[in-house]
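Student: Sequence:
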Amino acid sequence: MDYIRQLILIILFLASQNTLITRGCSVIRIVTPDELIQQAYTVVRARAVDYERPPNALGIGIIRFAVEEVIKGNTIIPNPLRIEGTLNQYDDFNDRRVPYNLVRPGGRMGSCFARSYKQNGNFLLFLNRQYAPYWSALAPVNEQLHMSPTVDPWLQWVKDRVKSMANNRPSNQFLTSGAAKSRSFFL
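Residue numbering for the sequence shown is -24 to -1, 1 to 163, as defined by mature numbering (1 follows the signal peptide of the UniProt record, and there is no 0).
It should be emphasised that the hints constitute simulated quantities derived from the structure, not laboratory data.
Using C-beta positions, here's what the derived DEER-type ranges look like:
#, residue 1, residue 2, range
1, 145, 35, 35 to 43 Å
2, 44, 84, 25 to 33 Å
3, 65, 105, 30 to 38 Å
4, 104, 5, 13 to 21 Å
5, -23, 72, 47 to 55 Å
6, 52, 132, 23 to 31 Å
7, 145, 34, 35 to 43 Å
8, 65, 34, 15 to 23 Å
9, 87, -23, 33 to 41 Å
10, 26, -23, 50 to 58 Å
From a predicted model like this one, the values you see are computed outputs, not experimental measurements.
Cβ coordinates follow ideal geometry from the N, Cα and C atoms, glycine included.
The task is simple: from the sequences and hints, build the whole structure.
Tutor: Here's what the structure looks like:
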């Protein structure tokens, strides 16, 4: 009888841990791709270069990104960008169809955001006013680009939508500008 009681307690404990893990990331609604573009302060294509600050005990460092193209934004963009994350040598491409409506696989493991970046990989970053991509849970805010910038389907879709939105708005909210001064963001 004690064996069965212990087994039941172990099963209940493991089930409660699994519940806590699955509740680690829950959102009421994921923004649509159009909302993502509209709500982003700026959108850039950038390359994950190297660590500015090496990873801490949790494996999180500050990654330096070289801004290669500003797609949306009328402000001067920090270059390089500094974003918390982990560098690796692995691809983490989004497995959805364009337009993406969910974060890439690395962000579906409980944290709500993909925080790993392939070193020297190109990424499409939707940034908030602090120049951070971690502002819209489970949304494709920092997707790795598959191919060269001229043919990547996600990049092209976003560029087309930004252009379309700019043509339909009276404000200059969607104008683009160059990269400049350096600025850091830390969570």
